[in-house]
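Number of protein chains: 2
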Amino acid sequence: MARHEADDGGTKGAGEPGRGKGGGAPGGSGGHVFQAPTGTRDFYPAELNRLRYVQDAWRRTSINHGFEEIDGPTFEHLDLYTVKSGDGIVSELFSFERFGGEKTFALRPEFTPTLARMYASRAASLPKPTKWFWMQNCYRAERPQRGRLREFSQWNCDIIGDDSAQADAECIACCVGALEEIGLSPNDVRIRVNNRRYVQNMLRSAGLDETVMDRGLSWLDTYHKLETDAFVKNGQAIGLDSDQAYKISVTLAALAGPNSKWPSDSMLASDAAPGREPIYEPLFKALAAHGLREWCVLDPSIARGLAYYTGMVFEVHEASGAERAIAGGGRYDKLIEMFGGPPTPAVGFGMGDVVLSLVLADKGLMPKDEEVAARLGLNPDALVISNGTPEADGAVAGVVAELRRAGLHARRSYKTTKNIGKLIQDAAKMRARYCVILESAESATVKDMGTQGQEGCGVAELAGRIARR
Amino acid sequence: MARHEADDGGTKGAGEPGRGKGGGAPGGSGGHVFQAPTGTRDFYPAELNRLRYVQDAWRRTSINHGFEEIDGPTFEHLDLYTVKSGDGIVSELFSFERFGGEKTFALRPEFTPTLARMYASRAASLPKPTKWFWMQNCYRAERPQRGRLREFSQWNCDIIGDDSAQADAECIACCVGALEEIGLSPNDVRIRVNNRRYVQNMLRSAGLDETVMDRGLSWLDTYHKLETDAFVKNGQAIGLDSDQAYKISVTLAALAGPNSKWPSDSMLASDAAPGREPIYEPLFKALAAHGLREWCVLDPSIARGLAYYTGMVFEVHEASGAERAIAGGGRYDKLIEMFGGPPTPAVGFGMGDVVLSLVLADKGLMPKDEEVAARLGLNPDALVISNGTPEADGAVAGVVAELRRAGLHARRSYKTTKNIGKLIQDAAKMRARYCVILESAESATVKDMGTQGQEGCGVAELAGRIARR
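Residue numbers (the numbering used here), protein chains in the order written: chain A, 1 to 469; chain B, 1 to 469.
Since the hints were made in silico from the structure, they are not lab data.
Heads up, some of the hints might be wrong.
Repeated chains share a single entry, so a pair holds when one copy, or any two copies, can fit it.
In silico SDA-like links for lysine to any residue, alpha-carbon gap of 20 Å or less [stated by the list, open to error]: (1) 247 with 82; (2) 429 with 125; (3) 368 with 391; (4) 415 with 227; (5) 415 with 277; (6) 418 with 281; (7) 418 with 362; (8) 225 with 306; (9) 429 with 126; (10) 334 with 147; (11) 415 with 124; (12) 103 with 33; (13) 103 with 90; (14) 128 with 60; (15) 429 with 377; (16) 247 with 227; (17) 103 with 92.
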């Protein structure tokens, strides 16, 4: 788990020395004691394996859904992030100047600007649609809190160059695919789908000035967090009259949050009525075709914070509404062009590891450490030990090296004990498939740790014997 | 490949618009054109696959050699890097202040300080030895040049808590294991091994003052880069007399660089003579036991730049001496203690992707894109197409979703063509195992792209049919 220093309140406290197993500074050596920066994490093997387990599901799902992986720099020119979001975002960024200093950089708070930059610079030669996934860390200089850290692992999938509801649904299907892969069901999580055009129409009808539409979207996004009075008051602050703001809160109360549901046939029929440009109907039809009816609901309060979304938006939430959003995304049909590319429709989503891990832990869906290690293929093929004779002792290193050279996961014991029974127990503890007991430089006994059967084997045949089974 | 902006000479040039396929800003939209920061890289799918191919070899080798993966923050408190290296290192770091600002951070230039911090804070509960590997990016604010970028992928393996030559050899064996895994042989690369104690003794015998020993090591490290005269002159600059400096250059000329070789039996015997503390003999014995005789040579000019090494040091070089070091490492027995842990011996190495990739490309050892994709398991199981009837058209999305849900890599065609022959060619181009031609919502023809055989199949049986084969 994360070890946070105690600098958040401006106090240069002692941190938490001695906390947890082996914490603090044993040895009393007078060396410096350092801690990880606030909001970042140290991943020891068991913790990293849990992250890798999630990331493996992300990666496998992306590939199975036909996405190809890309990557870009960890930091970008600061203006890549400010051009579309204004300078307000600067306080949430870790920004820095290059030594010598005429350029300012920032650690990426998200990957979409880099993706748009990369797509724009090769647009002419890229396939249509282009389907990319990305999986790395992002950085936000916010105060750390539950579900929100300063460094976290993020997974993105984007379909670029396809403006169809089919592409929207395919994106959501990939997101759901990963949730399913790690054991979540429609009982656990809900995909809340909306469309910015619908929300903008609603705000327009309520008389919101076009110039403050962004503030209107942010206002809607606070619906679930505020009491009705406060929500209505904030609506007045952006220029709505109190009746209109109240009317919107009533509409949302009827449709949004825990009341969200799959839209009725009559609603979809009226949405797609002749003479209207349908907003929801094509998407929900495509979602149904992808088998996603159980997972998705319509939630008109979902607006998403980021400025660049233009149409469909969605968020993944724990079903009861606990925790922050697990994932979120939507359509951003203007961004590639803003970054110097040709006009190009695009849709994508991002999922972070922090909230997802809280939900998995809460629901008991994170497998035990041994199970995680087994699924990641980390269990040894063989533990090689000596029968205690000097000749066998001297042969261990070479035999282990030979097995590894053959592509096998081989370990040796670093213990000084000559108690073969104890060493075989170690093989069981590390879940090795075989324990190889060297009898000399030429011969060994191979014990199958599953069947407990054992038989003799020449050292030269060991790799083949172990690999073959 | 990397796209470098042209800001290095302080000019805010136009970069290289229009360079390469699809470069520049098509569309003339008036959007901003951005480029990746100097010395960083954009990885499109084919380029990223080549990196993943190398990283897969690193990961598999680490696991087979019994190392467990860890990770830490991308940035640390600045003093984690300065405490052991002095303030001189600051100019090579990307450092920044947190918003609000009482703390200064830096992007990691290497992982070892984080590893030492992490080990120190849990030393009491960690196994002895602890074997950790790590694979992420590092950052250096140096001027980019061939083989040296500002962001690069790095692989580390470390054995902590074992001071034996056996552990030194096991580390080097793991490094060699990865080189072998990606096709390099002892003809291509050479492991140049040395020991700081040997070099320090040599400098001491030559009369070097103990207080400038670090500068003496740095001086030796320049041996391969300078002419004899310049080398001797620099030796005088650190306080050696010219005879002594010249004598050292003669010793190195006899033993180092292209003349390096596996040490003779008589040299090892005298190294391990009674009454002496042997420096080389146990290591070279252990290297021989690990089957590494062909790979390793003794090179007394290898001192390594970093201040923290205490004993054995090594570098991996292209055999002819072309390019910078591919990898390097050594023993750092004082570092854990400096970071607040108990006195703990440790040995490890790091390998970056940049020089390694240059060497692989130069030797023609990087497989072709299709081969890389195949080895990474990226080829589709099936391309699903329609026979052109409305019923089959409408079933594609659902069938693809069903196959993906079954854990298969399924793609659909985004083309509007109804020419089945052309679509089947697309399946061949993307190296799909099967092409599924939907005849209706219930039935399909499955074409095996390997054998070219085809047969009918109910849609409900498709996943089983494709998975089974």
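Status of the hints after comparison with the structure:
1. 247 with 82: For residue 247 and residue 82, neither the intra-copy (35 Å) nor the inter-copy (60 Å) Cα distance is at most 20 Å.
2. 429 with 125: For residue 429 and residue 125, the Cα distance is within 20 Å only across copies (17 Å; inside one copy 53 Å).
3. 368 with 391: Neither way: residue 368 and residue 391 sit 40 Å apart in one copy and 46 Å across, limit 20 Å.
4. 415 with 227: neither (63 Å within a copy, 49 Å between copies)
5. 415 with 277: Classified as neither: same-chain Cα gap 73 Å, cross-chain 25 Å, threshold 20 Å.
6. 418 with 281: neither (73 Å within a copy, 26 Å between copies)
7. 418 with 362: Neither way: residue 418 and residue 362 sit 44 Å apart in one copy and 49 Å across, limit 20 Å.
8. 225 with 306: within (18 Å within a copy, 52 Å between copies)
9. 429 with 126: For residue 429 and residue 126, only the inter-copy Cα distance (16 Å) is at most 20 Å; the intra-copy one is 50 Å.
10. 334 with 147: neither (30 Å within a copy, 38 Å between copies)
11. 415 with 124: Between copies, since 17 Å is at most 20 Å while 61 Å is not.
12. 103 with 33: between (34 Å within a copy, 16 Å between copies)
13. 103 with 90: both (15 Å within a copy, 17 Å between copies)
14. 128 with 60: Classified as neither: same-chain Cα gap 22 Å, cross-chain 35 Å, threshold 20 Å.
15. 429 with 377: within (16 Å within a copy, 31 Å between copies)
16. 247 with 227: This pair counts as within: shortest intra-copy Cα distance 14 Å, inter-copy 84 Å.
17. 103 with 92: Both ways: residue 103 and residue 92 sit 19 Å apart in one copy and 16 Å across, limit 20 Å.
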